[in-house]
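J.: Listed below are the residues making up each chain.
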Amino acid sequence: MKLIIAIIKPFKLEEVKEALAAAGIEGMTVTEVKGFGRQKGHTEIYRGSEYTVDFLPKVKLEIAVADGVAAKAIEAIVTAAKTGKIGDGKVFVVPLDEVIRIRTDERGETAI
Amino acid sequence: MKLIIAIIKPFKLEEVKEALAAAGIEGMTVTEVKGFGRQKGHTEIYRGSEYTVDFLPKVKLEIAVADGVAAKAIEAIVTAAKTGKIGDGKVFVVPLDEVIRIRTDERGETAI
Amino acid sequence: MKLIIAIIKPFKLEEVKEALAAAGIEGMTVTEVKGFGRQKGHTEIYRGSEYTVDFLPKVKLEIAVADGVAAKAIEAIVTAAKTGKIGDGKVFVVPLDEVIRIRTDERGETAI
Amino acid sequence: MDQRVAAIEAYFQNADPSASLKVGPKDKDGNATIPAGLTTPAVGVAGPGHNAWMMTSAALVLFMTLPGLALFYGGLVRTKNVLSVMAQCLGLAGLVTILWWAFGYSLVFGKSFNSPFFGGSEYFFMKGVDSAPNTDYAAWVSQNVFAMYQMMFAIITPALIVGAIAERMKFSAVILFMTAWMFLVYFPLAHMVWGVTGLMNGVWNGTAAIKAIDFAGGTVVHMSSGWSALILCLVLGKRLGFGKTPMPPHSLVLCMVGTGMLWVGWYGFNAGSAVAADGIAANAFTTTTLATGTAAAVWALLEYIVRKKASVLGFCSGAVAGLVVVTPACGFINSTSAMWVGILAGAIPFFAVTKLKPLFGYDDALDTFGVHAIGGTLGALLTGVFTSGAVNSNLTGDAAKANGLDKLVAGGTVWVEQLKAIGITLALAVVGTLIIAFILKAAIGLRPSVEAEQEGLDLTDHGEEGYIYESKS
Amino acid sequence: MDQRVAAIEAYFQNADPSASLKVGPKDKDGNATIPAGLTTPAVGVAGPGHNAWMMTSAALVLFMTLPGLALFYGGLVRTKNVLSVMAQCLGLAGLVTILWWAFGYSLVFGKSFNSPFFGGSEYFFMKGVDSAPNTDYAAWVSQNVFAMYQMMFAIITPALIVGAIAERMKFSAVILFMTAWMFLVYFPLAHMVWGVTGLMNGVWNGTAAIKAIDFAGGTVVHMSSGWSALILCLVLGKRLGFGKTPMPPHSLVLCMVGTGMLWVGWYGFNAGSAVAADGIAANAFTTTTLATGTAAAVWALLEYIVRKKASVLGFCSGAVAGLVVVTPACGFINSTSAMWVGILAGAIPFFAVTKLKPLFGYDDALDTFGVHAIGGTLGALLTGVFTSGAVNSNLTGDAAKANGLDKLVAGGTVWVEQLKAIGITLALAVVGTLIIAFILKAAIGLRPSVEAEQEGLDLTDHGEEGYIYESKS
Amino acid sequence: MDQRVAAIEAYFQNADPSASLKVGPKDKDGNATIPAGLTTPAVGVAGPGHNAWMMTSAALVLFMTLPGLALFYGGLVRTKNVLSVMAQCLGLAGLVTILWWAFGYSLVFGKSFNSPFFGGSEYFFMKGVDSAPNTDYAAWVSQNVFAMYQMMFAIITPALIVGAIAERMKFSAVILFMTAWMFLVYFPLAHMVWGVTGLMNGVWNGTAAIKAIDFAGGTVVHMSSGWSALILCLVLGKRLGFGKTPMPPHSLVLCMVGTGMLWVGWYGFNAGSAVAADGIAANAFTTTTLATGTAAAVWALLEYIVRKKASVLGFCSGAVAGLVVVTPACGFINSTSAMWVGILAGAIPFFAVTKLKPLFGYDDALDTFGVHAIGGTLGALLTGVFTSGAVNSNLTGDAAKANGLDKLVAGGTVWVEQLKAIGITLALAVVGTLIIAFILKAAIGLRPSVEAEQEGLDLTDHGEEGYIYESKS
Ligand SMILES: Nc1ncnc2c1ncn2[C@@H]1O[C@H](COP(=O)(O)OP(=O)(O)O)[C@@H](O)[C@H]1O
Ligand SMILES: Nc1ncnc2c1ncn2[C@@H]1O[C@H](COP(=O)(O)OP(=O)(O)O)[C@@H](O)[C@H]1O
Ligand SMILES: Nc1ncnc2c1ncn2[C@@H]1O[C@H](COP(=O)(O)OP(=O)(O)O)[C@@H](O)[C@H]1O
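Protein chains in written order, with my numbering: chain A, 1 to 112; chain B, 113 to 224; chain C, 225 to 336; chain D, 337 to 809; chain E, 810 to 1282; chain F, 1283 to 1755.
Warning: the hint list may mix true and false statements.
[Stated by the list, open to error] Restricting the straight-line Cα-Cα distance to at most 27 angstroms, the calculated cross-link-like pairs of lysine-lysine (DSSO-like) are: (1) K194(B) / K574(D); (2) K1166(E) / K1250(E); (3) K645(D) / K1520(F); (4) K580(D) / K194(B); (5) K920(E) / K835(E); (6) K644(D) / K1723(F); (7) K72(A) / K194(B).
To be clear, the hints were calculated from the coordinates, so they are not data collected in a lab. If you're wondering where the values come from, they're calculated on a predicted model, not measured in any experiment.
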């Protein structure tokens, strides 16, 4: 199993969610994060003091998937999240040893 | 070593923390997240505009443990977090290559 | 490739970012989290009701790096984040199977 | 000419401008009447300065509830219930407007029933309540403004109860409870205390059975709401998880803002209760300020002594306690007494809230009982102790002479009458609340489902969230 | 001596204190004049009670915009645009101050042009506007206070438009649009309705072509802003993602706070429009209160019926709708009519906002059209239906007798004149807005870039963020 | 009869109602006395319109601090210190209430010491301060209301200092510092400027050594707090990380709300300083409005020119600067001058804050120095430049004639006296603050521990958090 971690632009969340649903993936966990990378931030000025804000709002998705589904899921995310402009984000794939559904104690792929 | 990632209902945080402590685990990192899965969200209405909110507030725990402790930790989490109702959450287990305690530069299991 | 997960004190974020930049690492994702460990929390009192707040504000960094860079990155983080006082935080290293840059579909180390 | 000037001079004394016109034959009560047709342009009209102050005061008292109290209480609950508290304040504003217009004003300030317990029916649907003064209550203030001013009191009183039962009572149950409570508790009590034929209106009712005094609502507003709040929160039971889960205020910032607004608005409440911009109002303004500032300092000082930290919530609680305790007294006591009131107001509710509540374990969520019931009762008593004839000439006016209040004031025994008024108020509030609460509980239930309470009333009762800060850019 | 006392008595009647001095030879219009040198100390000065009330009222109307409306609107937008709404309110306060001082007051309340459409040039740069009353508008209120009071109306009116076009209009375009709009729409309209030589000032202009009445600004303020808002939001187009992305209010808490402030401040707006603390002000105060409380309850009740939940936004919307609808009527109707106004104000804008808007699909972001245009139009009409000569003696005053308004009031046909006024107001607002909007669109463009709109106007137009809650400790 | 009417007429002129009663034998100063027993019902009482306005004004000035300033400052600090700023405002309200009641009022407005530097002891513990007017200061306003009104000034002045030293001074040190500061700086300065025997009270003290004028507190309030703030923030040192870590305002939304409240409340401050609802108040109301709106626009315009973005903080800063600068002048200048004051107020503090501060590098956290010291000093000077005898008859009143102020006004050289007053104020504030700060630093230390400062004063000084938004459902 794989844990897919995707960093995307916040306003793309809805589209990515729908693309994943279309790919049969209906579970995910979402976190508001700040991203730092090539995309430039902005400047804020308060009474003469300038601050450069490098960190940009991003959304992080964590999605546990069975090995066979990973490629399709990544494909769905990348397609839906792409705007072609800098700062679109990344997808990270991490190996997943085990999954447990708390409600039922199910384990492994059936727990996803 | 393992990194245990648990998604639970927010009001269960205190109980899970205590269960982990009882299992001898006293370190963890907690994030407020939004979960999407089988559990249904709710509807909000603002002057005639209806919004369906699919994302539900959840809490994510990240706990680094030695291999030998993983099973006990998972057991503690699952038991304490269970309500039996849909949306109780999941536990993900990811392999952990290394741990470093910043304060002391300790590495590996002693750093946990 | 590795995914480095670092938990640090919030006011050290700027320094760590600079140390990483100095080490040639310019991408990261940051999350506000609450940490629980040996460091003691504080007590809040509201009209006679006392609450112990065990969870302390921390910042979590997630940084994808090529295998060869991991050691240098960890070194940079640990050095910059250290105050020597309890609660300085941890660094976790997790194996990373794949990285995709959404904008370009690049994969692997070039996508980092 | 003399009569014309005398009428104008009455404006400066807040006296009846038609007094000097009363040169006609005596009526059956032996009072001289005004010969038909005799009047002056300054008779029967509102006095600009007094009317201006009362419109300002009415607006200030509304400000106490919307948004003052809504913020004070809203800041003290958890995020998921902030809107429910606000909806309850807003809902009560709407509800009481309708009740007051239809029946309330008449039941409190009418006199056709000639009863110590209820006013009359002559003003139902505000019939005949226009811009001319009703000289039973104010020589120089438009009766409709007086009616609106008093309506603002009728709005905030039930809204105070909300504090004790916050986070766990269904909105529909709140609205129904309050509707009944206005008729069973508020309207009769307000008439008893402030109606010219009221049972315990020592200042204006020459035949009052109880010669009690209550300048701006220690019994009517704070005791009635505070004791009802205790009973209702006992009937209702504790919040889920009370005592186990921490339930800290979600925004002391909002709470502090609400406190500032309450303090500012309270000048309308207290100094406005002179129903004139005269020296009595000036005195009430002064004692209110002194007691409030002092109580805020004392509460915070006690915190500092007890646990080495003076908190914002402590300052706010002290200020509100000072305002509550000085309310019945403000127009009857001098500034030195106001300082004593402030000290006691900072100390006694402090102990009620920090010691009494943990001791007995009831869940008075936002301390309506600790502050308003304890504070209101303390204030009603202290009013009797500190009242001074030198400050307020009505204490030795015609009605006070007729019923003997003037002698009690001179003899320093008004507090005995105050104890009687306290007893009646307490009994009415407790019994009235018990009856309504049990009937409603049986009929429709008072609490939301366990799931609804856990999810928060904002979503389950009102379908909204207080804050949506996510960035979607 | 008689004249001295008569001048003082005029204070209580809000009448001209110099009336009894008019014993000199008649002027060319046949009116008696005041012999040179004849005066009394109470002539030509401000009356303290009236002046006090008008200073209070002016402050209250400012409070409606800053921070009232800024919070009401600011709470309803998304986090990323909260400051842009606030900046627009602040910017309009600054801009209109300068325009009003230079030209606005004179164009509205001057009379040197002797025109039904524009006032005059005599008060340009506020020349000669000092603390003595301008008896054309107020016998006992300093003219400079009157000018400032009216300035607060001139500030809030364009600020209301902001609600419809929120989240998607460049700051520079807002400022330029509003500058032109003040000259093309507001100043002429305000003169037509309130200037003593105004086209449709039935109460004060004896030669008014249209005998319409508007106590506190149903046409001038709410219709003008509401209909302009609709047109501007149509020209502007919808927000990016409108209908697809949810755009819920980021803080109903702020919105509720703003509502409370609007309600409180509105007493200055409505009761202050008597320009005196007299019985007419008292009546306006009363009808405003009753209509608002009722409308809040009715809107929430309809929500409860339609979808089983009464919301905070519903209560707030109802309260504001009640305030809007009663605005033109408040000084002309009695309290029973106010209840009817409240019921209709709770119901009709409710349907406009929840049914009309989805039907036509325009993006009136914060419902300026649904509440202010619909509500203002409804109010203007209802004023004609419910107006009562018994409530306001100016309806049968000299000017009203001269132009025949008194007969229309007696005959119950004022609503016909109101329809004419509605038509003219609507036409002026629509045409004026269209002209300005299209010229500006061609000249500098109205909308920010797509990226800027996505990132939010707070950052892109103002370089700031509304909230920075991160912990850095 | 003539005397009765004359007394009433005095009400409209805000003149002494007993003037016409002064028909008895001359006293030792050669002034006619009132024969024993001669009085009228309008003598020795409060005038309703004036009293109404002053109660309103006192409430408005309180509103400026609670919650106005608490929000303005609270929004500008970082999340972790929001409550500390609020606690300091609340704590000062409590502290100053007690000091003012005990000594302050008497030391400022008493005259038993017959000293230019301190008032007297006759009103210690507010002895004898009741609802009758003190005609030294107000012919028609209750003395106790006057005392409370002035107390609100005594509360906000030290609270202004909080802005410079925010986020890094121990609560206990703040309270002790301010206690000493009130006695050493505020009380003497207020007496010098406003006491009838005061050193530089040109308007009311016929024997004033310095014929300066200060209508509402340019020296007493803004210069004193602003210059003390600079010194205290220098003694204190910079915040940890200042210049390295960004310290942006945590909530410009709160800051804007506070600004609106400050503006509204400031009408009580400025127009209230006429201590009457007369034409002078009306003039002050007008000039305050014009200067503030203009300054807000000018500051934002300069931002737009300098960096292409007009910010909310810019508008707010400009508005506050306008209010500060016009404060000493508002009752002495006409509306045209007010526009000039507004322009300068928008420009000069703008440069102080954006250029001077970075240049010298002091850590005036929320710009108390840049806005209040610079603005207050500028205002004191401009008052001398723009003052106009036509606007305020007191500039040519008895006292002004006696000390020669009337001639300075006519000759346009009041600014020389203003410079003297500025020098004395500056010296007193600087020296007083240095003494207290160094003693306190040695005795108990001024700053919290490094850890406490890092964690934030909310937790370490007050044991509370400003916001707890976590969802626990
Ligand atoms: N090495 C990295 N580790 C973790 N997150 C990264 C890394 N590099 C980029 N990110 C995340 O991806 C986001 C987008 O990266 P950026 O370099 O701005 O643009 P792009 O993905 O188009 O190359 C960043 O804001 C950050 O959240
Ligand atoms: N495939 C997944 N990957 C990551 N998180 C998931 C996944 N499926 C569910 N979750 C998380 O677990 C939570 C509970 O899942 P849900 O399907 O609602 O109920 P249950 O766990 O009882 O089956 C979700 O809200 C989400 O946070
Ligand atoms: N086993 C763990 N798993 C995940 N996070 C941990 C663990 N132990 C500690 N942490 C994180 O590291 C932070 C610092 O840990 P703590 O024990 O307080 O101090 P130190 O790192 O100096 O030993 C905690 O606040 C928590 O966020």
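J.: Each of the hints needs a verdict: does it hold here or not?
T.: Each hint, compared with the structure:
Distance check on the hinted pair: K194(B) and K574(D) sit about 24 angstroms apart at the alpha-carbon level, within 27 angstroms; holds. A C-alpha spacing of about 25 angstroms is found between K1166(E) and K1250(E), which places the hinted pair at or below 27 angstroms, so the restraint holds. With a C-alpha separation of about 25 angstroms, the suggested pairing of K645(D) with K1520(F) holds against the 27 angstroms cut-off. Taken as a hint, the K580(D) and K194(B) pair is honoured in the structure, with Cα atoms around 19 angstroms apart against an allowance of 27 angstroms.
Under the criterion of a C-alpha separation no larger than 27 angstroms, the hint pairing K920(E) with K835(E) is consistent with the structure, at around 22 angstroms. A C-alpha spacing of about 20 angstroms is found between K644(D) and K1723(F), which places the hinted pair at or below 27 angstroms, so the restraint holds. In summary, the hint linking K72(A) to K194(B) is not supported, as the alpha carbons are separated by about 31 angstroms, beyond the 27 angstroms threshold.
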